[in-house]
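Chemist: As a plain string of letters, each chain reads:
2 protein chains.
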Amino acid sequence: MRIGVDAMGGDFAPAGLVEGALAAKSLLGNDDRVVLVGDEAVIRRRLDNQAGWEQFIRIEHAGEVIGMDESPVEALRQKPDSSIARLASLAAAGELDAIISAGNTGACVAAAQMRLRRLRGVHRPGIAIITPTYAGPVIMCDVGANVNCRPQHLYQYGLMSSEYSRYICGIEKPRVALLSIGEEDAKGNQLVKETRDLFKNDPELKFVGNIEGRDIFHGACDVVVTEGFVGNVALKLMEGLAEGLFKSTCLELTRSNPDLAGQFEHAITKIREKYDFNEYGGAPLLGVNGICIICHGASRPRGITNAIRVTLDFAKTHINDRITERIAQCRGTLNE
Amino acid sequence: MRIGVDAMGGDFAPAGLVEGALAAKSLLGNDDRVVLVGDEAVIRRRLDNQAGWEQFIRIEHAGEVIGMDESPVEALRQKPDSSIARLASLAAAGELDAIISAGNTGACVAAAQMRLRRLRGVHRPGIAIITPTYAGPVIMCDVGANVNCRPQHLYQYGLMSSEYSRYICGIEKPRVALLSIGEEDAKGNQLVKETRDLFKNDPELKFVGNIEGRDIFHGACDVVVTEGFVGNVALKLMEGLAEGLFKSTCLELTRSNPDLAGQFEHAITKIREKYDFNEYGGAPLLGVNGICIICHGASRPRGITNAIRVTLDFAKTHINDRITERIAQCRGTLNE
Chain A
26 MRIGVDAMGG DFAPAGLVEG ALAAKSLLGN DDRVVLVGDE AVIRRRLDNQ
76 AGWEQFIRIE HAGEVIGMDE SPVEALRQKP DSSIARLASL AAAGELDAII
126 SAGNTGACVA AAQMRLRRLR GVHRPGIAII TPTYAGPVIM CDVGANVNCR
176 PQHLYQYGLM SSEYSRYICG IEKPRVALLS IGEEDAKGNQ LVKETRDLFK
226 NDPELKFVGN IEGRDIFHGA CDVVVTEGFV GNVALKLMEG LAEGLFKSTC
276 LELTRSNPDL AGQFEHAITK IREKYDFNEY GGAPLLGVNG ICIICHGASR
326 PRGITNAIRV TLDFAKTHIN DRITERIAQC RGTLNE
Chain B
26 MRIGVDAMGG DFAPAGLVEG ALAAKSLLGN DDRVVLVGDE AVIRRRLDNQ
76 AGWEQFIRIE HAGEVIGMDE SPVEALRQKP DSSIARLASL AAAGELDAII
126 SAGNTGACVA AAQMRLRRLR GVHRPGIAII TPTYAGPVIM CDVGANVNCR
176 PQHLYQYGLM SSEYSRYICG IEKPRVALLS IGEEDAKGNQ LVKETRDLFK
226 NDPELKFVGN IEGRDIFHGA CDVVVTEGFV GNVALKLMEG LAEGLFKSTC
276 LELTRSNPDL AGQFEHAITK IREKYDFNEY GGAPLLGVNG ICIICHGASR
326 PRGITNAIRV TLDFAKTHIN DRITERIAQC RGTLNE
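Note that the protein sequences, when read in sequence, are chains A and B. Mapping of the first sequence onto the working numbering: position 327 corresponds to residue 352, and the numbering continues sequentially without gaps. Mapping of the second sequence onto the working numbering: position 33 corresponds to residue 58, and the numbering continues sequentially without gaps.
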C-alpha cells in the first residue's frame with residue numbers, strides 16, 4: 026500500500042518525520058511505499074545521505090504548510106498546495122491508500138472529511154485514541170474531531186470503536202461505556218441521557234453503562250465514548266497530569282533522598298514509555314472512507330514509525346468494511 | 026458561627042464525620058459551634074466517650090438519609106427529614122451560618138439553591154475546587170453544580186472564582202483561563218467562544234485566554250473556568266489517573282527492585298498527601314446566599330476537619346460580600 030505522510034506537520038517536522046519514515050522500512054512489505062508529502066528540496070536533503078531510501082520512499086512535492094495555530098477550514102481554502110491538502114487530494118484521487126499527519130489536527134480532520142468523504146451510513150467521523158492504563162489499553166472516542174455532537178454521533182462512535190477494539194486490540198466483545206459524571210442513569214447532561222438510551226437498545230453492543238473519569242483507569246471498560254470537546258480536554262489533561270506527577274515525584278525524591286532519585290529514574294523511564302503516546306503511534310479518524318491517522322503534534326520519529334505500523338494493521342484487518350457492515354445493521358436503532 | 030455538618034453523608038459516615046468534627050476543636054473560637062445533623066442516637070453514641078464535646082458540638086436530629094445514588098431533586102422531595110434537607114432548612118431559617126456535606130453532591134447543591142437562594146445578581150452557583158499542581162494550587166469552577174451552562178454562567182464563575190482566589194489563596198490579581206481544546210480563538214465549542222468574548226470585554230478581570238487540559242499543570246493560570254460536566258469529568262479523571270500512576274510506579278519498582286520500592290513508599294506518601302483532596306477539605310458552592318461547602322464522598326476525618334477550616338476562612342474573609350459587589354459592577358457586561 027501507499028502510505029502518505031505529512032512531512033511538514035508537527036513539532037519535529039521535517040527531520041522527525043523523515044527519520045520516522047526511514048525507520049519504518051522493516052515494517053513494510055515489498056509493495057508498500059511511504060510517500061513523504063512536503064517541500065521536496067527539504068525532504069530530499071534529509072534523505073540524500075541514507076542509502077537505499079528510494080526502494081521504499083517516494084516524495085510528493087507540496088509548496089505550502091498549514092501552521093498548528095491556523096484556523097483549519099480557512100487554512101485549507103487559502104493553501105490548496107499545503108502538505109495536508111495535498112495528502113487528502115492524493116488519497117481522494119486514489120494515489121494514496123492512507124494518510125498520516127502530526128500537523129494541525131483540525132485541518133487534517135477537515136481535509137479528510139471533505140476529500141475522502143464518510144463511510145456509508147456514518148454521520149460524523151471521530152478520533153479514536155488508545156489510552157494506556159494500569160488495567161490495560163482503553164479506546165477513547167472522540168477526542169476532538171467533532172465538538173457539536175448529537176446522540177446518534179456518540180452511538181456510532183461506540184459502534185466504530187467496538188470494531189476497532191475487536192480487530193486491533195483483539196478484544197472479542199469490547200465493553201463500551203459512556204463518559205459521564207456519575208454511574209446513575211439520572212446523572213449527566215441531555216446528550217449523555219439520550220445516547221445511553223441508544224446504547225441500551227442495541228443488544229449487539231456490550232454497553233456497561235455510564236462511567237466517571239476515574240473508572241477509566243480501573244479496567245471498567247474497553248471503549249469510552251464521549252463528545253469531542255470533553256474527549257480532547259480529557260486527553261490533554263491526562264498528558265499534563267502524568268507529566269506533572271512525574272516531575273513532583275522526582276523533585277520529592279531528590280529532596281528527601283538524592284541517591285534514591287537516581288535509581289528511581291530507571292523505573293520511571295519504563296512507566297513513562299508505557300504512558301507515552303509515541304508508543305501508540307497515532308489515532309485513526311474512524312468513519313472516513315479511507316485511512317487517516319492523526320498523530321500527536323509532538324510525535325518523535327518513533328511515534329511516526331508506530332503510526333505507519335497502525336496504518337498497516339488498520340488496512341490488514343479491513344476495519345472500514347467491518348464498520349460499514351455494523352453501521353448498516355444498526356440503521357434501525359437510529360430510526361432512519 | 027454555627028457550622029452545620031451532615032453527619033450521615035459520605036463513605037465514612039457517621040464515624041468519620043463525628044471524628045472530623047471533634048478534631049476541629051482547636052480551630053474554633055469561643056462562639057463557634059459545630060452542629061452535627063443526623064440520627065441523634067447514632068451520633069450521640071459516638072460522642073459519649075469523648076470528654077467535653079458538649080462545649081463545641083451540638084446535635085440536630087434528622088431521621089432520614091439521602092443515598093449517594095439517589096436522584097437529587099426526587100430524594101429531597103421524598104425525604105424532607107433527611108440530613109441534607111434539614112441542613113439547608115436550618116440555614117434558611119437562620120439557625121446555621123454554614124453547611125458542610127460529603128453526601129450526595131447533587132442533592133446538596135439542589136437543597137442549597139432552593140433554600141439559601143442565590144446571591145444578588147448571580148445566575149447559577151458553581152462548585153470551585155482547589156486543584157494542587159506542581160506549580161501551585163489552581164481553582165477550577167464549575168466541577169458539577171451546573172451541566173447546562175450558558176456563557177453568562179461561565180463568565181460569573183470567572184468573577185466569583187477570582188474573588189475566591191484573591192481572598193483565600195492570597196493572589197492579588199488571579200489569572201483566569203477558559204478550558205478549551207486549543208489556545209487559539211477559533212478553537213472550542215460555541216459556549217467557549219461566546220464566554221471568551223465576555224471575558225475579553227471585562228478590563229477588571231485578568232483573562233489569560235483559552236487553555237488546554239495540560240496547561241493547568243504548568244502554572245499557566247490561577248483560575249480555570251469550565252462548565253460543570255467537563256469540570257466534573259476532569260476532576261474525577263485527575264483522581265483516577267493519579268491513583269493509577271502511583272500504582273503503576275509501585276508495581277514497576279517492585280518488579281525491578283523490591284528494596285527500592287520500600288524506600289519509594291515514603292516519598293510517594295508525601296506526594297500523595299499533596300495531591301490528596303482531604304488536604305483541601307471541601308469546595309465552596311460559590312454564588313449561594315450563605316456558605317455551603319461540598320466535600321468529596323470519600324472524605325476522611327482529616328478532610329472534614331479541613332472543610333471546617335475552609336468554612337471559617339470563607340466567613341472571615343466575607344467573600345460573599347466581595348462576590349456581590351463584583352457581580353453588581355459587571356451587570357453592564359451581561360447587557361442586563
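If you are wondering where the hints come from, they were derived from the structure by calculation, not from laboratory data. For clarity, every value in this text was computed on a predicted model and none was experimentally measured. One should not assume that every hint holds.
Cross-link-like lysine-lysine pairs, in silico, DSS-like; alpha carbons within 27 angstroms at most [claimed, not checked]:
| hint | chain 1 | residue 1 | chain 2 | residue 2 |
| --- | --- | --- | --- | --- |
| 1 | B | K218 | A | K218 |
| 2 | A | K272 | B | K299 |
| 3 | B | K341 | A | K295 |
| 4 | B | K272 | A | K295 |
| 5 | A | K272 | B | K50 |
| 6 | B | K104 | A | K299 |
| 7 | B | K104 | A | K218 |
| 8 | A | K299 | B | K295 |
| 9 | A | K50 | A | K295 |
| 10 | B | K295 | A | K295 |
| 11 | B | K198 | B | K341 |
| 12 | A | K104 | B | K218 |
| 13 | A | K231 | A | K198 |
| 14 | B | K198 | B | K225 |
| 15 | A | K295 | A | K272 |
| 16 | B | K104 | A | K272 |
| 17 | B | K299 | B | K272 |
| 18 | A | K299 | A | K272 |
| 19 | B | K341 | B | K50 |
| 20 | B | K341 | A | K299 |
Computed, partial: chain A to chain B, Cβ under 10 angstroms [unchecked claim]:
| hint | residue |
| --- | --- |
| 21 | V67 |
| 22 | L144 |
| 23 | E252 |
| 24 | E268 |
| 25 | I293 |
| 26 | Y300 |
| 27 | D301 |
| 28 | Y305 |
| 29 | G315 |
Built from N, CA and C at the ideal position, the CB exists for glycine as well.
Chemist: Any hints from earlier that this structure breaks? Give me their numbers in increasing order, please.
Modeler: 3, 5, 6, 16, 20, 21, 22, 27, 28, 29
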